[in-house]
Each structure stands twice: as C-alpha cells, then as structure tokens.
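Dock chain to chain to rebuild the complex, using the hints, since each chain is given by itself in its own frame.
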Amino acid sequence: MDVLYFAWVRERIGMPREQIDSKAATVMDLVEELRAREERYALAFSDISALRVAVDQELVDFDTSLSGAREVAFFPPMTGG
Amino acid sequence: MRIAVQEVPFDLGEESARFAAGCSASGAIVTFTGVVRDVAGGLEAMEIEHYPGMTESALNDIAAQAVARWSLEDALVIHRHGRLGPGEMIMMVATAARHRKDAFEAAEFLMDYLKSRAPFWKREITSDGATWVNARSEDEDALSRW
Chain A
1 MDVLYFAWVR ERIGMPREQI DSKAATVMDL VEELRAREER YALAFSDISA
51 LRVAVDQELV DFDTSLSGAR EVAFFPPMTG G
Chain B
1001 MRIAVQEVPF DLGEESARFA AGCSASGAIV TFTGVVRDVA GGLEAMEIEH
1051 YPGMTESALN DIAAQAVARW SLEDALVIHR HGRLGPGEMI MMVATAARHR
1101 KDAFEAAEFL MDYLKSRAPF WKREITSDGA TWVNARSEDE DALSRW
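Heads up: the sequence lines are chains A and B, in that order.
Letter 38 of the first sequence, counting from 1, is numbered 38 in the working numbering, and no numbers are missing.
Here the working numbering = 1-based position in the second sequence + 1000.
Same shape as in the complex, but just chain B (with noise of 0.2 angstroms):
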C-alpha cells in the first residue's frame, strides 16, 4: 500500500505500470484518475490547500479499510496539493484484487470516502477572483452505501 501527498506531477503511466508490478497475483487492476475540469469556462487555477500530517493518516486510514475490505492485493493513492492547471491530473487512486468487482468497488469506495473525508479543500482562480468550492451534499450521501 502506498500513499503520497505531493505537490509535484505524476506520471500516470509510469505509476500505474509499477502498481500493476507488483500485481502478480491480481487479475484485476483499476485505475482511477481525477483532472482539474473547467467547468464553465474561465478557470486559471484549481489551489488544493490540505492538513498535513493528517492528510496522510486519513489517507492511510481509508486505504487499509479497503484493502481489508476487498481483500486487496495492494493499493495506492496519491493526491496533489498546491496550484494546478486546467487539464492536470489531480490525483489517482489504483486498486489490485483477484477479480475486476472487488477491485471496481474498493476504487469507488477509495473515491467516496476520500472525496469527504480527506482534509483537503479546492479553490477555483478565475479572472473575476478566487472561490472555494462546496462540498456537495451528493458526495456525503455517497458514503451511506458503504
């Protein structure tokens, strides 16, 4: 399991080749990758502000629930922080288990918790100035299911 907080790029590529590696006794791997999208026009900057030394213990907290919880092989997340671009990758999360169901839920369950419960907080830089964005109640409900 590996989880990294950073704020430099990462290369999807290269991360999910060395994930899928260490693999060898999952025939299921998923991958899923979050971008900055400009939604309506106008967006310079996405700024991601988060709680260090937190942020990594929630991290680590969620992803252990969901190895054991699927029975994983392994899993990984990594989320940026700082000022981010329209079109860059903001953070990825890959799963590994012996089938594609458990490796499928184990990502969305990752996505769900660590959407609202992972302390970190968007603000969108448009030229009419800056605006942190709302939680949204959608994704609070999303934990229910699990």
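In isolation and in its complexed conformation, chain A is listed as follows (with noise of 0.2 angstroms):
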C-alpha cells in the first residue's frame, strides 16, 4: 500500500510517501510496524494523540482495519481555514 505522510510527520520521516509491504490488520499495527523499523519513525509515531490517519482519503480512527486499503496517511491535526 502506498503510506503518505505530510507536515511535520513528513519532516520528520524525510519522505512524502513510501510504497509498504505490510500485514498489517489494523492502522495501529502499521504504527507498530514502522516504530520498529527506525528511529525516525519511532520519532514521528512517538505520540499518536498528536496524530490523525485516514485510509483511503477518509479521516479515520486508530484501530480501523487495513483489509484493501490502498493508501494510508498520517498527519498532524489540520489547520485549515
């Protein structure tokens, strides 16, 4: 699945999307995942309160399964208007 990130989460990842190869059930499991993988990641992902994540372009929770999901993206609370 493709994995983007924006904002800070990007900086902080160095990259605005990666292709993942993950099993990953849920959004929860891919944090996991990717908390492993390196310290930059484990920064970014340090505290999922200061997080949002939407699957499929659609604001979702933590716990959402991943089952077809196509592209997932994480991203610190919006700030629009």
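Calculated from the structure, these hints are not laboratory results.
Quick caveat, the model's predicted, so the values are computed rather than measured.
Don't take each hint at face value.
With beta-carbon atoms standing in for the labels, derived distance ranges [unchecked claim]: (1) ALA1017/B to GLU58/A: 33 to 39 angstroms; (2) ASN1134/B to GLU39/A: 21 to 27 angstroms; (3) ARG37/A to MET1001/B: 40 to 46 angstroms; (4) ASP2/A to HIS1099/B: 41 to 47 angstroms; (5) GLU1014/B to GLU39/A: 46 to 52 angstroms; (6) ARG1098/B to GLU33/A: 49 to 55 angstroms; (7) GLU1014/B to ASP21/A: 48 to 54 angstroms; (8) GLY1027/B to ASP2/A: 44 to 50 angstroms; (9) ARG37/A to GLY1085/B: 37 to 43 angstroms; (10) GLY14/A to ARG1002/B: 36 to 42 angstroms; (11) GLU39/A to ARG1145/B: 40 to 46 angstroms.
Chain A stretches covered by chain B per the calculated footprint, using a threshold of three residues with CB under 8 angstroms from any CB of chain B [claimed, not checked]: (12) 2-8; (13) 67-79.
Interface residues of chain B toward chain A, partial, derived using beta-carbon atoms under 8 angstroms [stated by the list, open to error]: (14) HIS1079; (15) TRP1132; (16) ALA1135.
Every residue, glycine too, gets a C-beta built ideally from N, C-alpha and C.
Written out as structure tokens, the structure is:
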C-alpha cells in the first residue's frame, strides 16, 4: 500500500510517501511496524494522540482495519481556514 | 455547489457577484473571507500544505452536509494552498438561503468543519525560521455545537 506523510510527520520521516508491503491488520499495527523500523519513525509516531490518520482519503481511528486499503496517510491535526 | 482548491489568488468581488447572480431564490447571502494575519509581527509568509484528492472530497462532503442541513440554495468554498504573504486572502465561503439565520449558521458550520476536518496544514515563515501552526483545542471544541 502507499503510505503518505504530511506536514511535520513528513519532515520527521524525511519523505512525502513510500510504498510499504505490510500485513498489518489495523492502522495501529502498521504504526507499530513503522516504529520498529528506525529512530525517525519512532520519533514521528512517539505520541499518536498528536496524529491523525486517513485510510483511502477518509479520516478514521487508529483501530480501523486495513483490509483492502490502498492508501494510508499520517498527519498532524489539520489547520485549515 | 462549487469547491475550488487552488494556488492562485481569487477575486473576492468577482466570486461573490457570480455566486449571488446564481441564487435568485435566496433572500440572504453570507460570505466569509479568511486572511493571512501577522499576529506577532515579522511574518514573511504563510505556507499551506494540503492532501490533493482528500482535500477536495472532504470539502465536498462538508459543503453537501451544509446544503442539506440548512436547505441552502447554493454554497461555495475556495481554499488556497502554497505560499501566501501577509494580508493575502486564504479562503472564502459563501452560502445562500431564504433567510439570514440559515445562511449565517451554515457559513459558521462550514468554517468550523473546514478548520479541523479538511486536510490543510499551515506553516508560518519568519526571519527566525519556519513553525507549523498548532491546531487549537477551541477549534476542535467548536465542532461539538453542531
């Protein structure tokens, strides 16, 4: 699946998107997989209460299933307007 | 209903006039404009990042909810992204309804939702560097009234 990062999450991880081959069942499982990868991921995902997630461009909770998901995006709370 | 996510500036007068011209059944038209403000002084620019694709669908969804809930004749949302200078217009919403209460309420609803549910992120550039704007808890709390 494609994993996208925006704003300071993108800056901490150092890229805007990547393709990840993952068997993660839920968003939280994917977060755990990423955290275990490298320090920059651990840092970006250290406090998920400071993060929001969208699966296939819909805002969802971290316990959401990733079954059939094509695109997952992580970002800080939005500041539009 | 029109949703525009764009980098280029928009002409507030032209957009308002065009919107009003298409709303012959409405007795009330409300427009709101958001402007880049320099609160602390020394702001060089505001950079707005967004999530292409999701931004348009989130704004469409928010506007469709407003149209349905307040029986609006029409709604308009324009939101810019990219680099903007102090005093530049970031976004506008317009709502048209039979009566002003509905038009005002729907415009406030649109603003509250797009502030914390549309995927935009602001970054302030000053001579000291760049800082991401933090989401305010009051903005999140504002959603509970709807």
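Hint-by-hint comparison with the structure:
no., hint, result
1, ALA1017/B to GLU58/A: 33 to 39 angstroms, "35 angstroms, holds"
2, ASN1134/B to GLU39/A: 21 to 27 angstroms, "24 angstroms, holds"
3, ARG37/A to MET1001/B: 40 to 46 angstroms, "43 angstroms, holds"
4, ASP2/A to HIS1099/B: 41 to 47 angstroms, "46 angstroms, holds"
5, GLU1014/B to GLU39/A: 46 to 52 angstroms, "51 angstroms, holds"
6, ARG1098/B to GLU33/A: 49 to 55 angstroms, "53 angstroms, holds"
7, GLU1014/B to ASP21/A: 48 to 54 angstroms, "49 angstroms, holds"
8, GLY1027/B to ASP2/A: 44 to 50 angstroms, "47 angstroms, holds"
9, ARG37/A to GLY1085/B: 37 to 43 angstroms, "39 angstroms, holds"
10, GLY14/A to ARG1002/B: 36 to 42 angstroms, "37 angstroms, holds"
11, GLU39/A to ARG1145/B: 40 to 46 angstroms, "42 angstroms, holds"
12, 2-8, "holds (count 4)"
13, 67-79, "holds (count 6)"
14, HIS1079, "7 angstroms, holds"
15, TRP1132, "5 angstroms, holds"
16, ALA1135, "3 angstroms, holds"
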